[in-house]
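Assemble chain B with the ligands onto chain A, guided by the hints.
Residue numbers (my numbering), protein chains in the order written: chain A, 1 to 509; chain B, 1 to 316.
Worth flagging that the hints you see were computed from the coordinates, not collected in a lab. There may be inaccurate statements among the hints.
[What the hints assert, rightly or not] DSS-like mimics (lysine-lysine), calculated; alpha carbons at most 30 Å apart, straight line:
| hint | chain 1 | residue 1 | chain 2 | residue 2 |
| --- | --- | --- | --- | --- |
| 1 | B | K140 | A | K341 |
| 2 | A | K366 | B | K182 |
| 3 | A | K348 | B | K140 |
| 4 | A | K385 | B | K115 |
| 5 | A | K361 | B | K115 |
| 6 | A | K348 | B | K86 |
| 7 | B | K115 | A | K341 |
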Amino acid sequence: MLLEAKKITKRFPGVLAVDNVDFEVYENEIVSLVGENGAGKSTLIKVLTGTLKPDSGEIYVNGEKVSYHSPLDAFKRGISVIHQELNLCENLTVSENIFLAHELVRGKKKALYSLVDEKTMRRKAQELLDMIGARFSPNTYVSDLTTAQRQMVEICKALVKEPKVIFMDEPTSSLTVEETRRLFEIIKRLKERGISIVFVSHKLEEVKEISDRVVVMRDGKRVGELRKEEIDVDTIIRLMVGRDVEYFPHGIETTPGEVVLEVKNLSWKNRVKNVSFQLRKGEVLGFAGLVGAGRTETMLLVFGVNQKDSGEIYVRGKKVEINTPMDAIRLGIGLIPEDRKLQGLVLKMTVKDNVVLPSLKRLSKKGFILNEGEEEKVSEEYVRKLSIKTPSVYQIVENLSGGNQQKVVLAKWLALNADILIFDEPTRGIDVATKAEIHRMIRELAAQGKSIIMISSELPEILNLSDRIVVMWEGEITAVLDNRERKVTQEEIMYYASGQRKQNRGDIR
Amino acid sequence: MKKWKPKGFRELGPLLAFVILAVFTAILNPRFLTLFNLQSLGRQIAIFGLLAIGETFVIISGGGAIDLSPGSMVALTGVMVAWLLKQGVDVWLSVLLILAFSLGVGAWHGFFVTKLKVPAFIITLGTMTIARGFAAVITKGWPIIGLPNTFLRIGQADFLKIPIPVWILLVTTLISDFFLRKTVYGKHLRASGGNEIAARFSGVNVDRVRIIAFMVSGLLAGLVGIIVAARLSQGQPGVGGMYELYAIASTVIGGTSLGGGEGSIIGAIIGAGIISLLWNALVLLNVSTYWHNVVIGVVIVVAVTLDILRKRLASK
Ligand SMILES: Nc1ncnc2c1ncn2[C@@H]1O[C@H](COP(=O)(O)OP(=O)(O)OP(=O)(O)O)[C@@H](O)[C@H]1O
Ligand SMILES: [Mg+2]
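So here's chain A without its partners, still in its complex pose (with noise of 0.2 Å):
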């Protein structure tokens, strides 16, 4: 056993996170952590790779009690980790994070005042970007890579003192099904390497083509253990949930109305050519298309958070000048962004505060003076309609786990009640459960008369969720297909998605 965990427990004020928790991994193996949003995932990882220390508890290293000081302590003893959240400077090359704090020097002694040695670093970070299948060079600035990228660099961070166990907390969430699949080579060729990796998903098929092992926690709890053979989909999420979860909402249906919003010739830079499309009122409009498409490009201009360069936007049959997000809000229009941590949350700042910041104006008295009254109901309301895990909407949503603070971003737009609704990516890091009441959601807002856009790139959600599919191709609309009975299929997303146009693209009811 490479690392054994007994009983380990973890308080934050409010919340029991890890509650007397086994965890054990084996050599050369790839086991899964699995478990709804809050059920403790992230701080059992933080635990024991030396980030948080555990109220109680035990962590043996190949049979040797340790007690880590800091993740430091964990790395040298061949435990890595990659965060839910990356953490690289985005100032500094790729060389230059993957050996950062480690840097190699000149002369036999490191000190702060020795010489870097940035000729074999960089040789160095070429292996390991070479080893993972890593195609840009170790002189590249972090900031001009895409996440998938950036996630290499960690991993080749992870590996540069030859680890025994790297911890992945949610590496695939913003992957594409592409880049997922290249990350699993990369799993599989580093586990012949004798590493073993303990990887943690929301996307259970990722989860049983991948492990030899599944560990299931429920509300801190470890609730369950499936050996490779038993590892099943259902099964798993029977364990995580306590009951079977319907995928995508059936006989919910809509009738699409009167256009409410249509873009005309919308241009941006290089990144948005020419976009035309409508949407109707009590319609889900998905947007599907690669990553760098321009789909939240697009969805930016309509908002107001960037400014187009040609083009024109009618709402409600006017046309309308959109140059703030102010603009779009007043008209009525949310956009539930992509990025929570840039875009949509103030981190400092409670759970309240954060859900009711657009609707303030509404929710004050005379439009100007707070009424914590009136906030606290609307916050408490959401909080449980997305049955956000918090101990109260008092909570700083710092706090919260990764899926829950993502929920809370949805609560805001929610709460805003607007009559057309951008959700960009609305499910990624969301657990099964809250994701088939997202769709849910979704859905119902449209039968009661909304207008939705939904950028996902997730293929199911697109297809099972979408009235009609807008299919984008390096900033160009190729197709528009209708989507009523649910007919169109992958293939034929992927086939415009690709860049193929569709010809004749008519406005198709």
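Just chain B with the ligands now, with coordinates in the frame of chain A:
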């Protein structure tokens, strides 16, 4: 759901320090408790406190915002109001004109910071030297004296034994604390400081929020300029030296984080209280004036460090 609410009076640490310091001084020199001394202490607190309130708004607004101009603005507005009065302009009209002017200077800072993206440090540093320079230009280095009595009352009279500046501070504190904690503006201010991008995405007009914060700071600097001129019975180009730094220190002692996003008006007032009390105590205890700056500097560093350590322990 449980009503779990974080509680505790955040300003407790600084308040305790203030009380201990006061008791200590009173024991060592009973003259501390004379009406005359308490009144003059009150006026001093009013001056630093008003500036600290403005600084609190600016610092909370985030993006590294800070206002370095208040000290010099106190000198300039003091000189300007004295000059106006000497020209025979009506007292209240002069006061209004000065307040409007200082509001404008604040808006000017806000405009540069938000629209032209000039760092707050730089644009207010500019005003700091420019204002000090103009004050000297207007007076040619000499104080302007012989101001009307109605005007002097602003700085020197009492009501119910409490000096007028203290009343002004009280009213300003109540209003600004209300704004910060109870209004949409206050929440927008904290959101802008906490995460500017998320605030923009939420429809907060971050630029306007910040400009208003600078305007508050400017306005209060003008108000203090008037009070100081009235208190000294003259327009003096040399007053207000380092006031901005005392105001910033008061704000930070009171628990406002320089990173923006959080802060408290009451804390800032207590911070101003501590610094003013120190001045007062050093005089009463006959400490040589040469030592004053040394002591104050040390106290600022110790107070802020202790408070940060206390908070860190509390959140463990
Ligand atoms: N620093 C903290 N302070 C207070 N509570 C915390 C803190 N960190 C985590 N928690 C709480 O502990 C619980 C477990 O959180 P954790 O991040 O481990 O969940 P998770 O299983 O990783 O969830 P997700 O799938 O959403 O990432 C949550 O209820 C969370 O709110
Ligand atoms: Mg997590």
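**Holds or violated: B:K115 to A:K341, with C-alpha atoms at most 30 Å apart** = holds, 25 Å
**Item:** 30 Å Cα cutoff - pair A:K348, B:K140
**Value:** violated, 50 Å
**Asked** Are the Cα positions of B:K140 and A:K341 separated by 30 Å at most?
**Response** Cα-Cα ~55 Å, so violated.
**Prompt:** Is A:K361 within 30 Å of B:K115, Cα to Cα?
**Reply:** Answer holds: A:K361 to B:K115 is near 25 Å, not above 30 Å.
**Prompt:** Is A:K348 within 30 Å of B:K86, Cα to Cα?
**Reply:** violated, 51 Å
**Prompt:** Under the criterion that the straight-line Cα-Cα distance not exceed 30 Å, is the pair A:K385, B:K115 satisfied?
**Reply:** The hint is violated at about 40 Å.
**Asked** Going straight from one Cα to the other, do A:K366 and B:K182 come out at no more than 30 Å?
**Response** Since the Cα atoms of A:K366 and B:K182 sit roughly 13 Å apart, the hinted pair holds (cutoff 30 Å).
Figure legend: structure checked against the earlier numbered hints; hints not met, in rising order: 1, 3, 4 and 6.
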